[in-house]
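**Student:** Here are the chains, one letter per residue:
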Amino acid sequence: MSKEVRHILATRNVSKYFEGVKVLEKVSITIPEGGIIGLIGPNGSGKTTLFNIITGFHVPSEGEVLYRASNEFIRIDGLNPHEIYRLGIVRTFQLPRLFNSLTVIENLLVTPVGQRGESILNAVRRRTWLEEEKNLVKKALSILTMFNKLEIAFKYPAQLSVADIKLVETLRGLMANARLYLLDEPLAGLDFATARTLLNFIKEIRNSYNVTFIIIEHRIDLLMETVDYVYMLHNGRLLASGKPDEVIQNPDVVKAYVGE
Amino acid sequence: MIDITGFLINWLAYFAIYAILAVTLSLESGISGITNFGKVAFFGLGAYLGAIINTYLLLAISGVDIVKAPPYTAEGVIALIEISTLNPALVLGVFTLSILVSFIVTGVFGYLLTYPIIRVGSGFVGFTLLCVGEVLRGIYVNMEFVGGTNGLLGIPQPFIWLGIPMLSGLCYLLLSVTILALIYIVTDRILGSPLGRTLRSIRDDDIAALCLGKDVPKIKSKIFFLTSGFSGVAGTLYACYVSSVNPQMFVTLVTFNVWAMIIIGGSESPIGAIIGALILTLIERILPLIASLNEYLPFTPDYLRPIFIGLIMIIMLIKYPRGLISMKPPKFTKSAVEELMREAS
Amino acid sequence: MEIYRAILCSYVFSWIYILSSLPLTLSYRTTKVFNFAHPIFITYGAYVVIIVNEVLGREIPLAVAVFLAFVVGGLVSLISHLLVFKPLSYQRVSSNVYMVASMGLWFIYQYVLYIVCQLLTRRYDVNFLSYSTIEYKDVRFLQDVLGLNSMPQYTITATLIGVSVGVALYILFNKTVLGLSLRGIADNASLVAICGVPINRLVNLTWFLVGGITALSGVIWVNFSGSTTPDLGLNIVVDNFAAAFIGGLYSLPITAVASIVLALIENMLLAVLNYYFGVQPTVRIAIVFGIVLAILVARPPMGAGGGLPYRFIKRVSRK
Amino acid sequence: MPPIAGKRLLALIFATLVIGLIIGYSTGYYVGGLGTLQTGGVSERTYTLGVTFALSGAVSSVCVQWEPVVRMAIDDLNNLAKSMGLNIVFKPHILDDGGTADGALKNVQTLYATGVRIVIGPALSSQVKAVKAFSDSNKLIIIAPCSNSPALAIRGDYIFRTQPSALGESKALAALAVQEGLKSVVSFHLNDEFCNVFAQSFKKFFEESGGTVLYDLVYQSGQADYGSDVASLASWVAKLNPDAVFYCGYATDGANVLTHATDEPTLRGVRWLTVEGFYGASEVLTHKVVDFARAVKMIGIRPVPITNPLYDEFVEKLKKYGAAPTLCSENVYDAVMIAGLAVLRAGGSSDPDVLRRALIEAAKTYYGPGGWGLFDENGDRLQASFRLWTMAFVNGTYQYVDIGHITDSNIVIEKTL
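Top line first, the protein sequences correspond to chains A, B, C and D. Residues in the first sequence are numbered consecutively from -8, following my numbering. Residues in the second sequence are numbered consecutively from -17, following my numbering. Residues in the third sequence are numbered consecutively from 928, following my numbering. Residues in the fourth sequence are numbered consecutively from 865, following my numbering.
Note that these hints are calculated values from the structure, not bench results. Fair warning: this is a prediction, and the values are worked out from it, not measured in the lab. Note that CB positions come from ideal geometry on N, CA and C, so glycine has one too. A few of these clues could be false.
What follows is a list of derived Cβ distance ranges for each label pair [stated by the list, open to error]:
no. : chain 1 : residue 1 : chain 2 : residue 2 : range
1   : D       : Leu944    : B       : Pro280    : 21 to 31 Å
2   : C       : Glu986    : B       : Leu293    : 55 to 65 Å
3   : A       : Thr136    : B       : Leu293    : 50 to 60 Å
4   : B       : Leu74     : C       : Ile930    : 56 to 66 Å
5   : B       : Ile189    : A       : Ala149    : 16 to 26 Å
This is chain A alone, in the form it adopts within the complex (with noise of 0.2 Å):
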């Protein structure tokens, strides 16, 4: 790893079979700290794929993905889903999944890990977890006037527009204080306005608290204009990587979303 700029995840020849079609073949990719990539490529090129992998969904097959925990390296490959997360690296879905029961700012406050009011003794004592509880209401309410998307607070996700239930999703990571986000499709469905405020968003959170994101998403032009990265899968390999404006060039690219 180079010194200058500190990576905070790394893939080494990830591969993924299942029953025995390859969907990722030796991808290796790096991520800078606080930086905002771009994961693009056509549809089952893999991306979700990488995520399930980096997310613990998936083992894969061969390779391993390092994790920059506290200051060295771990190998985060073959974790359950919940001790990746605990490690600070939060995703989102495709199809947005809030807890439908739950209002804007109990999805917010459910998020952060170790709460003392999660084990049943202390549940039953308020007083265990009333202090701690407060704070945490605190800085979701903070996160949400930050956003100026207070009113939204005691909404249930029914009633929120598509937008909101997208940027929830994505400050649930920071209610837990995640370093690491890995975002699919975040604007689909999302009009043009609406997809560049979401982005506009994004890129505050990383100024403001220095966290990452990986993106997945099919708009290349939106993206582009937000990353910094973009690593291109085709058919499960690595086609191509570098700033946006390189890929774009880059014919391959071309020709893989023109289609051969």
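With chain A's structure known, arrange chains B, C and D on it following the hints.
**Tutor:** Same frame as chain A, but now just chains B, C and D:
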């Protein structure tokens, strides 16, 4: 003359036992999403544990030869009756012990069942647990030690030594209601706490919860330990209330009565569960009075009882499909937030 | 060991379980209603045959029995759908609500049947609450013609009904537009709705079929068993549930196989255990459900609700 | 439909509760606890006898036959009371417990709450056990017509049983088997207290008198069909070839078992002995089964005293009520009669101990279809002589016929099998 006090005492004690089952079921099924169709397994296990301890141990301590006079023979029963009237301290002590033991053992049993629960996946938990219940019943039938199909008899009601039936009944009622209240408070606290929030999130979408760092199997097993333990306590209470157990008492229908209670009352709130239990147990006890229509009907009037119960269930469900009490967001978080927001503005 | 009867019992029970658990799966797939009143269809199927048989003076032919049972079972099923499940489905209730509602239905049907039996018993001076076997005249005739008198009649009946229902369903579901759209609803209702298929009518039809087919197992029953009571359905329902759940409430073939396996366990396995290992038949419940439990845990069905991606694997050693 | 608020609902519940209790109260008046005036002001006292039977469930096909018996007994009681010039009218309050212990307990408690002090039933021993504690603590008198569990033979409690203990009967049956020259028996019975007791005591007495019970096959109740169990029985009979099969089961499972047995050539080759388990069950009387019974020379025993005109009269009268004598039906009749006589003797006192004493006294002098009513110190009935029965085709119908009797002195089989 109808004897209202006696009616109330008998009914309410019975209600309290079923309400315990309903509350725990609403906690595990309505709130944490473990569809438990095997409630009777834990109920029955608790009942049998209570029965065994309250008979065998009692006999052993008071020096009766268990081999010669086991509790499923007349000798054992007679001995038990004497003991239970002569030695209050011992009876109460053993009873308390049996409550504790059945809580722990049944709880651990539930805890161990977490593995199949997680493994078969949310859609099949229900039937898996139902099978557990049936297997247990099959085991009781074939265990000579617990009397086989004959079951055990003469389990002392812990207050019988008071002599006056009304009084001992009242004491037992108070005891059951106290335990119910205790369990209700615990459930309510859990519901209003971060744990309750986590449970509801797991119920809504366990995969998302998993991605948000919730160790779903661990949390489920903890809750299931608690609820199973409480069901076991209910079982022990029941065994000492009826003062006899046999395998036919613990058929699957019991489970579904409890389910009817929580669905009618509102499966996501313990108070709803209690109200459901109140309604159904009361209906069961009031309706037999229609049997006094004997000479007016060409058939046995009491056949109408289940029909009425069924009708009431269906009508209530169509009228209140979400149950009589719908779930409200936990009191505490809301209030805390409001006060904080007031501070902010 | 006298294996002959055990084999016959397993054979007939296989048909009875198949005929009653396949419709259960079908109804769940189509309407997401897990119907606890399902066993009632069997009972009603059996009882309509019994009652008509008594009224006709014990001369009922199988054809008539099948027709009546199918119609009555279908109607009962249709009525319960129209009066209870449909209104509930408008309110988008959870599956548990359906379950409890169907329990209510079950109570009602069960005890209405008790009342009917009691009235009939007083009218005809025959004990309807527990009825012995019925001989189907036309099956007897068939046996004479084919020279199958050595075979017990119920094997013939079971085979006739089972095979013909199987063929009919196969043709319905694979050869006709109606059947295809029924399957479509079972798989993806909203999609079919877009294609402009009258969902409501087809759902009604499904319920009718479900009730009717299930009732046919009652027709076999009265020919096979020596005792039919209003509790008949109740006594064999849990096996149906077991079969349906092993099939994941989804896969019809697996459900069928599970039904056969259950029939074999209950008849062959128990007899063998008893004869060669001296195990009393009283272990029945424990054995049957123990095995079902084992199957469920060993091979979790993924039809209706999949499991979580828990792997419980050992932690990879960290660098 | 918006869900209503918890508080309002609770209020509503308790309103219903109160209303329910009022209903109960008035019904309490209506069905008349002791000494209450009947609505309408007829100045006669109605006394309610509680009844809880398994009118639904596994043994329902037997118990529904008891309901007419109860009505008949009540009518007889009322006629008796009228002839004695007493202005007291008996009413039954018949409840269905579905054969479950839980249901029986609920029913008994409800009956007690409505002022009932004597309950006839429940049917099964397991149910009697479930209500024992309640009866003991509240001194509620229970007269169980068909329970023979030795575990309930308890001195000085408030439970009386008009079913004679199985011991004498199975002793007689064992003696019969010996006289019939049967050396070895395979026992086949329901896993139910009633039948377990019979099987055990029969084994005991039969082996005391030199026979052997080669194998004891027990089948579980609550199944839909018993074909596989019959198959096992056939296998054992084929293997051990005993002289006879001892069978005990109730009506429904009996019909099932026998129907399956008819198809088993091996089972046709042995004698069949049975008790009153399925006596009188019309569903058993198919031509297949009766033919089978003739082939295997089936003999059953039942605890009805010989030369008892009352019994034949009872059977005749019962026809008018549209019922046939079945398992324990004469005991049901006696139970109701003894209860009524006890009430009359107690002069309408509702003090349980007075009632209890009156009951014991009344039983001493009572002689009914089931024989002498006398209770032993455990509150169980004593029985000396028994009738032998089988199934046959007599003047155009299949029916149960008495073919002989057993007294402690001798065994007589009049009709040839």
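**Student:** Take the hints in turn and mark each one as holding or not.
**Tutor:** Status of each hint after checking the structure:
Between D:Leu944 and B:Pro280 the beta carbons are some 27 Å apart, a value that agrees with the proposed interval 21 to 31 Å. Between C:Glu986 and B:Leu293, the C-beta spacing of about 38 Å breaks the proposed range 55 to 65 Å. Between A:Thr136 and B:Leu293 the beta carbon distance is about 53 Å. The supplied range of 50 to 60 Å therefore holds. B:Leu74 and C:Ile930 have their C-beta atoms about 57 Å apart, which keeps the hinted 56 to 66 Å range intact.
At about 19 Å, the beta-carbon gap between B:Ile189 and A:Ala149 stays in the expected band of 16 to 26 Å.
Comparing the model with each earlier hint shows a violation of hint 2 alone; every other hint is respected.
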